[in-house]
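2 protein chains.
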Amino acid sequence: MSTAAVIIIGNEILSGKFSDENAPFLIARLRALGCDLGRIVVIPDDPQTIAHEVRACSAQFDHVFTTGGVGPTHDDVTIPSIALAFDVPVVRHPALEAILRRKLGDACNDAALRMAEVPDGAELWWDGEVRFPLVVMRNVAIFPGVPALLRLKFDAVAHRYQGVPILTARVWTLRTEPEIADALTDAARDWPGVAIGSYPRFELTPHKVLLTLESRDAEALDQCTQRVIEQVDGSREA
Amino acid sequence: MSTAAVIIIGNEILSGKFSDENAPFLIARLRALGCDLGRIVVIPDDPQTIAHEVRACSAQFDHVFTTGGVGPTHDDVTIPSIALAFDVPVVRHPALEAILRRKLGDACNDAALRMAEVPDGAELWWDGEVRFPLVVMRNVAIFPGVPALLRLKFDAVAHRYQGVPILTARVWTLRTEPEIADALTDAARDWPGVAIGSYPRFELTPHKVLLTLESRDAEALDQCTQRVIEQVDGSREA
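For the protein sequence lines, the chains are A and B, in the order given. Take 1 as the starting number for the first sequence in the numbering used here and just add one per residue. Take 1 as the starting number for the second sequence in the numbering used here and just add one per residue.
Please note that the accuracy of each hint is not assured.
Intra- or inter-copy, both count: the list cannot distinguish identical chains.
Restricting the straight-line Cα-Cα distance to at most 20 Å, the calculated cross-link-like pairs of lysine to aspartate or glutamate (EDC-like) are [stated by the list, open to error]: (1) 208 - 190; (2) 103 - 117; (3) 103 - 129; (4) 103 - 214; (5) 208 - 237; (6) 17 - 186; (7) 208 - 62; (8) 17 - 214; (9) 208 - 129; (10) 17 - 127; (11) 208 - 87; (12) 208 - 120; (13) 17 - 217; (14) 103 - 179.
Keep in mind that the hints were calculated from the coordinates and are not lab data.
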């Protein structure tokens, strides 16, 4: 089992200029891969804030994914901020410089060459058919903010994050949360390897509560689900 | 000018069982109110994690909004976690207990009464036509996770967060980011009170770059926008 954090870097999300599409994409992909997402944070284009968050997440999670803030303009500060997080200098990577000079020709100015900069010690991952490799600093994979580009680059490297997917059972009950709370507390105690969530759906008539049970242990999941169904007079969703 | 952070508490978001609707709602509302949103974080139903995040955000921002984890079941840990953040006990609030007993009658069991618990020292805000007041601990307003309820409760108290809204200008250019990077760096330096964002839109043909300029100072915004338009050969969106 591996754990992950997602850091969305962008004033444009916090200010509502763009709605974030990257977190929903990464949530779904990480879930399918069996990688446990433990934190999503959206922060502004501020080097100290980014460095602080990257340092903390890198220490706490197996994998960290940043999105946004990579490019040639003044508001693209992700690379120097990640270098700051790990207390290393920013260096121009010869392989990236070569790609940019080949692609842009005479238009390859100093601003464009900022896209060849990486934190010192970063790796380049060339998986898949991508024209530009993924820059990875220790356990921090640095993705672009443009959703179509992020998807392309994530899917190229997704195989590196493959784990054991989580099994889920969904149970519906017409009882109220106060009525079933004790039964859920007991089940959560008896099967510590099963995570139980309780979600009242007030928008349904009659009101129902959706219970989700999740585990990587199929036998524990089935036993716990059976007990919960009996205790809350529930029915399992097919 | 006031600043805000949003803390989304919920395993169900991180695991993709539900997509979060509360962050987009709060982003739009805070923007319209003129309250500067500086951080959004999505964290699991874990008391230590919640307490740590609440303590940090409460110290750093003027206003903190939590969503989720309030209710009668074992996975509802927001109230004790916020108490932990401020190192105070959880107490049963008489006014909340009275509402629950009146509403639920004989069905008002110990689990239901968990919804009457607050961090010691919390205030109740009775604004608007809500049946149940908002619980606020210092600068932390504690909202439910159910989107329809959150909206109702937020709109009832929104007037307390009214500030001075930000003005925005949008400029489009056909030039590439490397070509315009220097001009933007200069403008950002000359008008420090104007925030300039640059967003390439590769999905448009021909490729365009959207520039956004934002400030609470109308004169500075107009001057800076005029300079940027000249420098990048841009056009201002009406």
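To see whether the hints hold, each was checked on the structure:
1. 208 - 190: neither (25 Å within a copy, 58 Å between copies)
2. 103 - 117: within (16 Å within a copy, 62 Å between copies)
3. 103 - 129: within (16 Å within a copy, 61 Å between copies)
4. 103 - 214: Intra 48 Å, inter 33 Å, cutoff 20 Å: neither.
5. 208 - 237: within (13 Å within a copy, 47 Å between copies)
6. 17 - 186: neither (46 Å within a copy, 23 Å between copies)
7. 208 - 62: neither (37 Å within a copy, 37 Å between copies)
8. 17 - 214: between (36 Å within a copy, 11 Å between copies)
9. 208 - 129: neither (47 Å within a copy, 25 Å between copies)
10. 17 - 127: Neither. Shortest intra-copy (32 Å) and inter-copy (30 Å) distances fail the 20 Å Cα cut-off.
11. 208 - 87: neither (52 Å within a copy, 36 Å between copies)
12. 208 - 120: neither (54 Å within a copy, 32 Å between copies)
13. 17 - 217: between (43 Å within a copy, 19 Å between copies)
14. 103 - 179: between (65 Å within a copy, 14 Å between copies)
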